[in-house]
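Peer 1: Following the hints, complete the assembly by docking chain B onto the known chain A.
As given, the protein sequences belong to chains A and B, one line each in that order. My numbering puts the first residue of the first sequence at 6, with every later residue one more than the last. My numbering puts the first residue of the second sequence at 6, with every later residue one more than the last.
Since the list gives no way to pick out one identical chain from another, each pair is judged satisfied if it fits inside one copy or across any two copies.
Under the rule of at most 25 Å between Cα atoms (straight-line distance), these lysine-lysine pairs were calculated in the BS3-like manner:
#, residue 1, residue 2
1, Lys-478, Lys-325
2, Lys-269, Lys-294
3, Lys-683, Lys-594
4, Lys-657, Lys-187
5, Lys-360, Lys-320
6, Lys-484, Lys-360
Worth flagging that the hints you see were computed from the coordinates, not collected in a lab. In this text the structure is predicted, and so the values were computed from the model without any measurement.
Protein chains: 2
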Amino acid sequence: MNKALSAQQRAELLTDEMTVEEQASQLRYDAPAVERLGISAYNWWNEGLHGLARSGISTVFPQAIALAAMFDTNETENAAAVTAEEARAKYQAYSAHGDTDIYKGLTLWAPNINIFRDPRWGRGHETYGEDPFLTAENGKAYVKGLQGNGDTLKTAACAKHFAVHSGPEALRHEFNAEVSAKDMEETYLPAFEALVKEAHVEGVMGAYNRVNGEPACASRFLMSKLNEWGFDGYFVSDCWAVQDFHQHHMVTANELESAALALKTGCDINCGCTYVKLLAALEAGLIEKEDIRRACVNVMRTRIRLGMFDEQPEKIPFEKVACAEHKAAALRCAEKSMVLLENNGLLPLDESKLKTIAVIGPNADSTAALEGNYCGRSDSYVTFLRGIQQRFNGRVIFAEGCHLYKDRISGLADHGDRYAEAVAAAEAADVVILCVGLDATIEGEEGDTGNEFSSGDKTDLRLPESQRLLIEKVSAAGKPTVLVCAAGSSVNTECSPDALIHAWYPGEAGGTALAEIIFGDISPSGKLPVTFYKTADELPEFTDYSMKDRTYRYTKKNVLYPFGYGMTYSHTECTSLEYSGGKAIVTIKNSGERACEDVIELYIKDGCENAVPNAALCGFMRIKLDAGEERTFELPVPEKAFTAVSNDGERKIFSDTFTLYAGVCQPDELSERLSGTKCASVNIMP
Amino acid sequence: MNKALSAQQRAELLTDEMTVEEQASQLRYDAPAVERLGISAYNWWNEGLHGLARSGISTVFPQAIALAAMFDTNETENAAAVTAEEARAKYQAYSAHGDTDIYKGLTLWAPNINIFRDPRWGRGHETYGEDPFLTAENGKAYVKGLQGNGDTLKTAACAKHFAVHSGPEALRHEFNAEVSAKDMEETYLPAFEALVKEAHVEGVMGAYNRVNGEPACASRFLMSKLNEWGFDGYFVSDCWAVQDFHQHHMVTANELESAALALKTGCDINCGCTYVKLLAALEAGLIEKEDIRRACVNVMRTRIRLGMFDEQPEKIPFEKVACAEHKAAALRCAEKSMVLLENNGLLPLDESKLKTIAVIGPNADSTAALEGNYCGRSDSYVTFLRGIQQRFNGRVIFAEGCHLYKDRISGLADHGDRYAEAVAAAEAADVVILCVGLDATIEGEEGDTGNEFSSGDKTDLRLPESQRLLIEKVSAAGKPTVLVCAAGSSVNTECSPDALIHAWYPGEAGGTALAEIIFGDISPSGKLPVTFYKTADELPEFTDYSMKDRTYRYTKKNVLYPFGYGMTYSHTECTSLEYSGGKAIVTIKNSGERACEDVIELYIKDGCENAVPNAALCGFMRIKLDAGEERTFELPVPEKAFTAVSNDGERKIFSDTFTLYAGVCQPDELSERLSGTKCASVNIMP
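Chain A with its partners taken away, still in its complex shape (with noise of 0.2 Å):
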């Protein structure tokens, strides 16, 4: 093929010399070859969410969640960057081997970018958070990281799910999401719109749902923005999405019309198997051969920018898969996103005072508590407890002290059967650190959890009773307790333990990375990119998609640990704040007594009755300041910071002051209050 045409031109010659049957073949998931020309067989289902997954052996970032926490898009892209290392390489192994089958391919069905509206959400943990600035700061930095800069894409990356998807899981085939003009282009949509027109995101993913009556992968508001912002990638469908048009949304009567409806609004690649029916839909007249060479382009397009029909780029040597410095990467974003809630002093642990250590908890030696879902096999996972075993000389004695929500580990046995050895163990220890939280079996997707809870949303916000029960019974022990919680969304653990660790799903290195934060080998670093409520008896209704109440920007109601908080070892403050040329010129002084990372973040108040309620995250930057250091930093100020949003949904520049504040958390009192330190603020004019 002729290299110096375009993608779109070298995709409609190959396109064309393919018989209609061969193009609507390739729009199947699993597209099979057209050996006449040239084109392997292709399953382009392939996932990479937090490290290359599904694919055997790979490198095991932390949780999505915990990457936005690390508040750090150049860590955020290297991640991705890893991510699209790994699956090259495996790309390339596997197809040396002849083996094209599913998670094997270079399109890659990640960052997932939808707001994290509802902490009940059990696929939140998927997503960067809460905010729409955070959240497309770092899907901006994933895409980036997974398709590179060079000529051929390494790898495509896909925003999912499009648009105006998060939960309830249970509801996710039938349910409509109705949503307001003002909330789609304030909340929902910005993050898209960064990830197509910044990122040049090479895929985009329809959701399961419906958007304000249309099934999210064939909705022709939604897809007319995807082509207002330029989009020229390809669009999948959810798996099986497709499918829920006349079977559980009935917008449709049958496969053909679902096939068709999907195909002529936009929708390229079925992740299912309706289109098997796009033939028979030809046949019966409801799609012209015109929709299937156009959908086809695309995809081919696709391919051809991944390089597939080009020499291949340089190989890749499989050794570099979960190798050295890949593994350093995901240690790094272990170790950046943890976020430490409460510490009366304990903290960091005075070794020498120490012989006896007792790690507890359902979690401690849980690699599902690392893993999150949509994750890869690790060669070398650190529980919480082997990076503490590792780490500490003394000493650790471990007690699983329940399971993590069924009532008995033993199914003969009383309810509570490990209470009293994880009692036991702590009565026989100095200090106890003590490992709770969730995991993906009941803090997860649809179809993928086995538990009380439902089809993996949280019906609270609090621990599962059998842990509420055990860490009553281990406070009892009286002994210094550090909690460390694992889990991907706001928790409330109803209880003052010495300490508190939000360690989210930390990926392979989260036991290194726990034992050098709780033995001050670093200091932590990590902020909530979600606010931390409460209860959920004050939330709105799960089904509710009104942000009325809902996130930071607006409501501080309910608030257990806002979103942008969490501690370090020192101390820092801004010292100075001022605006000029599109900057913020922002001075932190590390006034505190060690060396530490943290964050500046930059919030913008605009006054009129458009604006969100509150103060709104418009920039951030981690920094790192030895004690005693002050410095300047200067951080951009968006453009889009100064618009708001209309109720008709326009979006534009109404005031002509704002407030600008800088610090280490929000401005607000509680925040300044649990982080001991005051923003600065400053009347600007943009």
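Peer 2: Frame of chain A, contents of chain B only:
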């Protein structure tokens, strides 16, 4: 209570203070408290087959079959002593917190001294193998370790399953094992007799099946044997075995009759719930008060011997559980138990020539492959992969290769979805360590297993098809390959690797031991406690309990690797054998170039027609020799070695001359050829 009285007297006094209802309640495995008499609730069910089991964290030793492979009863005894130490430490801690639930008491239902009659039996790995002498020696050592030698029993051991019990698992609740008088005395009873008479085992558990028509838990024949041997401990039914009497064996009409039959025949404790009918059986005239009283005296006697009604002995610190000393013992057992079956010189690996090792296979990073069944949970599993990672300074590439037995890892993928990764890993490496085998999900107990195999038994002696294909594909990469097979029984891997290590289920430190062996830090020294057959096709029917053509004592056909076989990295040979004063005087020379441990095996051949066809093990001793060292050892030849058993089951000395053999293998052509050494022999008169 007056401690000057015997346990029997104290038990009688205590029992006679109870009402008949109270006495009957004490015969349940979950006996309630009798508070007015200071008798606390007690759950008789606890497990400790190879380390304390099912009771939270403990030291996980190699499975019993591996302990037998050490041919080292001191080490077996120490493993049991550690088990007892941890059981009592936990019993004290649990009791202090009022927890008297299942798996928390001092009555451990171990060891399993059934004869591993057929290699298909799923529970064979719980035993000490196929030889009555080796079984008895290890069984006695284990009982001694569990019970200790103080005035108070440290824990109470339990010999199970009495008697004649070795599958099929699927039929165990209804099966009638038909056994000749000769096989009974020659093979099935000797270990039980030894444990009762020589080790004073405190408990005996009946089997599920019938034996020559009688349910084993209510067999007059078997009970008469216990009386003959002077058994004075407690007898417990296997769990829910008494209910089998009327539900499956059909020897009684209902629960009342089953309870009555068991109690009257001598079953003191009912694991199950049939004895809740004892009072109804009493009322119906099926039993008498004296039957209940007698059983109650027996069980209270055991509790008295355990010190439950006396001042508690000194408190064992909770930190003793899984302490460094105990872990070291588990590692030693793993080191001594692994059996080197093939080696063309590849092992030990020469590190200086290696940059990259591929560790491949479903058992490479599996904790299940370390555990076997009836195990505790370790706080520090070292899988084969991790052991090699920790020991080797170069790059280790891991690939799972395939599921243990399913044809794919991912449900959405084609079959064989991890083969390409495995082959790529092999291609990238200098050496392949291929870790195959079984685990307790496909080799285990009825009810515990979840695969295509029948109720835990093996259908044949091959690896599952997924692994046979993996071996084929990885072998095709042509790299030097060490095959490591984790399994509890005879497996024919049907391939020719450069080296083959049978690792059993080697416990928590299995990976450390494997790495030490692979890199030559230690020489392998385990020996097979069972015959490895070529194929199941030539075995007798699984349901046939005749010993004809079974085990090394009766057959030399169909043998892949013989009983007693196992190589070292050196070469030891017997240079002299004499017999004097009831002892074999054996001189062994290490004529190889490395220090090694090896095992002197002593076999005896009796020419009379009543004797077993082949030479039988009658002594063994683990020894350690430096390179070039030659030493003389004395091994007692037990009197029983000179006896044979007539067809009517009479055991006595028939012959006046015997041939005694000594060496590091069996005295037969195959064993000597494989071992590259010849046994010495001498004709003797006892």
